[in-house]
Amino acid sequence: MDQSVTNRRSFIKKMAMLSAMTAAASMFPGILFASEQEKGIPKGANLDWKKGPCRFCGVGCGILVGTENGKAVAVKGDPNSSVNKGLLCVKGYHQTMCIQSKDRLKHALVKKNGKYVETPLAEALDIVANKMKTTIAQHGKDSVAMYTSGQSTIPEGYVASKLMKGAIGTNNLDCNARLCMASAVTGFLTTFGADEPMGCYEDIDHADYFITWGNNMAEMHPVLFSRMLEQKSRRDVKIIDFATRTTRSSTASDRSILFEPQTDLAIANAICYEIIKNKWVNKSFVEKHCNFSKGITNMGYGLEDNYEFTDKPEKINFEAYKEFLKDYSPEKVSKYSKVSVMDIKYLASIYGDPNKKVVSYWCMGVNQHTRGTWMNNLIYNIHLLTGKISKPGDGPFSLTGQPSACGTAREVGTFTHKLPHGVVMNQKDRELAAKIWKVPVEKIPSKPTYHATEMFRAVDRGEIKFIWTQATNPLVSLPKTGRYRPAMEKESCFVVVSDVFPTPTSDVADVILPAAWHIEKSGLYGNSERRTQHWDKMVEAPGEATADAWMFIEVAKRMGYGDLFPYSKENHVEEIYNEYRQFHEGSKHGMAPLEVLKKESGAIWPYVEGKSTQWRFNAKYDPACSNGEAFHFYGKPDGKAVIWQRPFEDAPEKPDAEYPFWLNTGRVIEHWHTGSMTRRIPVLHQAMPNAYVEFHPDDAKALGVRNGENIKVTSRRGYCVLPASINERGLPTKGQVFVPFFDENMLINDVTLDAFCPISKEPDYKKCAVKVEKA
Amino acid sequence: MPIKSYLAHPVSGQKEELIMALRNLKQCEVVPAENQNILAVVTDTSDEKEEQILKEKIEAINSLKLLSLVSGFNTPHN
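Protein sequences, first through last, are from chains A and B.
Under my numbering, the first sequence has 1071 at position 614, and the numbering climbs by one with no breaks.
Under my numbering, the second sequence has 488 at position 44, and the numbering climbs by one with no breaks.
Excised from the complex, chain B in its bound form:
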């Protein structure tokens, strides 16, 4: 059950669009920086396959310029 965190850099002027697009993905938690053009993103999925599909969805968002992985954790199933 992976939990990963990323830094998402929006295309210039499209920070709000990126926040909306990411918040529409139910496995994503988004915290935008208040004074910089960057978002902290945490993804919470049930397995690596779902994580990979989610990552592809994120990378397909037009307002996203760059997605960089910060940390990855794996928690055991119940």
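Only chain A is shown next, with the shape it has when bound in the complex:
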């Protein structure tokens, strides 16, 4: 065999070995092959290992990428990263394989007479800039929009915000993080006045109980789940899985408690009822550090275009809150939640035990909820009532789905209402942005415009005439794609898509820009525990593929904003980060200097006097606390967190005679979101080649459905045909079906409902009504 075949064969053997190791890791979390990984690398290989964060979820595992002759040939977990301590999941190990995919976008493509024509990048960027300029000239600045991503790097998000809000002067910027954690943001802001979790992953090493709320961590956050199981094997730690579907997480937990979709609202209130009834309230903590409020109820579900909602908080007292909770005794809630009185009391007793430390984890089950903000508030209520918060091993912890949903979407602020510090509605925040961006403050509009769902509705209505999407695939990931696909195909809107691979979204683009993948550029991500991580470019991008930040800058220059974007191609990441850091100066959100991030596997903000702050709002750990007390919720003007009175309200669409099943959608461990990257990784694609519809065996039997049989899943919006899955990966409750959304050939989001939480505007992908029949 010649050398290249030998090398390829060695590489494949190594990948095969890694597949076996990662399969073992999913069965035996914490399993160690670490010292053997390097032995598997071909002899004589001269690998250069470079550190960075993983591309494939919000956990933010540290990876080491081995490069040889300009190619990424191996990935291993970074043993110096406190996030994953050398562990990785199956996606993490194989991530770099996608960049060699044959259909990689290497050159710009411009649609001419219905056909895509390979075009020099400079010419494609001319077209984009000219189209943006002429659209603004003809239809006004609010006729152009940008839709970015929680996978965009911090510099990319920052430049996008500066271009749209500071240079052009429109708030038509939103991102796909709206679809996954906007409810977490509004939950944090309404309860604490400050976004992002107060704790960190080290909580895992201290907690006695982990309660996961609608969160299949074994598949979605496998490395963190491994760390929890490792603790379970070492000491008396318990995991309680509270969900609507039995998953790998349920089977690995000590208790699995299943509830009827949407009734988590009632159960959280019932837990608070029990805490008060049994006098488990931490009275001194509540009196010193909490207020009580209620807001508007019966808010609607955002199903109609141009829906608007603003909450009106009203202060109440403890007695009024206690009175409200009388509707949520375990006996009353048990009747409609399908959770036994005993199980509700059991959950309450865990939180109520003053001698046990409890961490609550949640992600999409709570956030993708038409009352997502309320659900976040309610979990905080439990922790605030018991004082189990902001201490090692005690705290509510909202996990994110994307690698920089926190760092880019939330901290840089790529939402319509956000600025890199604060919100567009606040005069002082606009003044700070104007000062740092060197633009007149009047340039930055004070009113938010379109959140994600409404942005694509505006495309459909013809109001948005130009949209640029980046590192995201909305025509697979939006709810009710059956409306938004034809909307994006309309002549009325010019569509620009920046991506690494072709997707169903790039299929409708007028211009496709070839983007560099994360290790082909330098960048920074921010993970779920407020950790900012930097990496240097590791390999060259193919063809003319270019970092998104640089493409934004090139377009900005072409539009005449060059003076606002004076960055150099070689050092733009560093220059942008240093400019961005100015927004967060101070002890409440100070970001680590770049030189620190270059050396270490990330640092947690607030980074104060050379130190990460692991637990916010606790004076023992957080230098920003200044009220002289043990705790200080300084996000609120009076330094107190809010316990919210939030009721149970029904889902907008429930199973009925015509559509008798709940539809729940979600993810699988092998695939990253819409699958545009992981489906190009052979090992992962072979492991999970297509989507499926999961049935409860009793429902399958009643319908006469067998495993693998094609099933048509239909809602009032559309249908999707998928093979049946019975007793395989997961087990939905009776009367519910589950479908993963990664498969662009089986678009389950044609079926879902575009209802959203009125406060966060995050859609609910977990609940709508469908019928199922043999196809």
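One should not assume that every hint holds.
To be verified - Straight line, CA to CA, 27 Å or less: simulated BS3-like cross-link-like pairs of lysine-lysine:
#1 A:K1169 x A:K1228
#2 A:K848 x A:K885
#3 A:K1093 x A:K745
#4 A:K1111 x A:K1228
#5 B:K459 x A:K779
#6 A:K802 x A:K792
#7 A:K471 x B:K499
#8 A:K572 x A:K689
#9 A:K689 x B:K459
#10 A:K1045 x A:K994
#11 A:K572 x A:K588
#12 B:K493 x A:K471
#13 A:K572 x A:K528
#14 A:K792 x A:K736
#15 A:K471 x B:K459
#16 A:K947 x A:K598
#17 A:K734 x A:K689
#18 A:K1191 x A:K559
#19 A:K814 x A:K563
#20 A:K471 x B:K470
#21 A:K471 x B:K501
No lab work stands behind these hints, which were simulated from the structure alone.
Predicted model only: the values in this text are computed from it and were never measured.
Position chain B relative to chain A; hints supplied.
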């Protein structure tokens, strides 16, 4: 030219015997877990027939309790 990877579960207390037996097969590469009773195994054979014969040899090892396939690749001949 198939390359396949497996997880091999040894009979209780016979992990070392299984490692030795597998390492005696020249088409096998074995990496034992350091802290669990399981081995990662990669086989490298010239064709499906040889792969099948090898698999039968592995399955005949007394210290093996269970062999489960993880992934399979096929590389072209030179």
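Are K1169 of chain A and K1228 of chain A close enough, with their CA atoms no more than 27 Å apart?
Holds - the C-alpha atoms of K1228 of chain A and K1169 of chain A are around 8 Å apart, at most 27 Å.
Sort out whether K736 of chain A lies within 27 Å of K792 of chain A, counting only the CA atoms.
Given that 27 Å is the threshold and the Cα spacing comes to 24 Å, the pair holds.
Taking 27 Å as the top limit, are the C-alpha atoms of K814 of chain A and K563 of chain A close enough?
violated (51 Å)
Could you grab the alpha-carbon distance between K802 of chain A and K792 of chain A and see if it respects the 27 Å cut-off?
holds (14 Å)
Holds or violated: are the alpha carbons of K848 of chain A and K885 of chain A at most 27 Å from each other?
violated (32 Å)
Straight-line Cα separation of K471 of chain A and K499 of chain B no greater than 27 Å?
Distance ~19 Å between K471 of chain A and K499 of chain B Cα, so the pair holds.
Under the criterion that the straight-line Cα-Cα distance not exceed 27 Å, is the pair K572 of chain A, K528 of chain A satisfied?
Since the Cα atoms of K572 of chain A and K528 of chain A sit roughly 32 Å apart, the hinted pair is violated (cutoff 27 Å).
Within a Cα-Cα threshold of 27 Å, do K493 of chain B and K471 of chain A meet the stated pairing?
holds (22 Å)
Is K734 of chain A close enough to K689 of chain A, meaning Cα to Cα at most 27 Å?
Not OK: K734 of chain A and K689 of chain A at ~31 Å, beyond 27 Å, violated.
If you draw a straight line from the CA of K572 of chain A to the CA of K588 of chain A, is it 27 Å or shorter?
Given pair K572 of chain A, K588 of chain A holds - Cα atoms ~19 Å apart, limit 27 Å.
Has the given pair, K689 of chain A with K459 of chain B, been kept, meaning a C-alpha gap of at most 27 Å?
Measuring from Cα to Cα gives roughly 25 Å; hence the hint holds.
Between K471 of chain A and K459 of chain B, is the straight-line Cα distance small enough, at 27 Å or below?
holds (22 Å)
Hint violations for this structure: numbers 2, 5, 8, 10, 13, 17, 18 and 19, all remaining hints satisfied.
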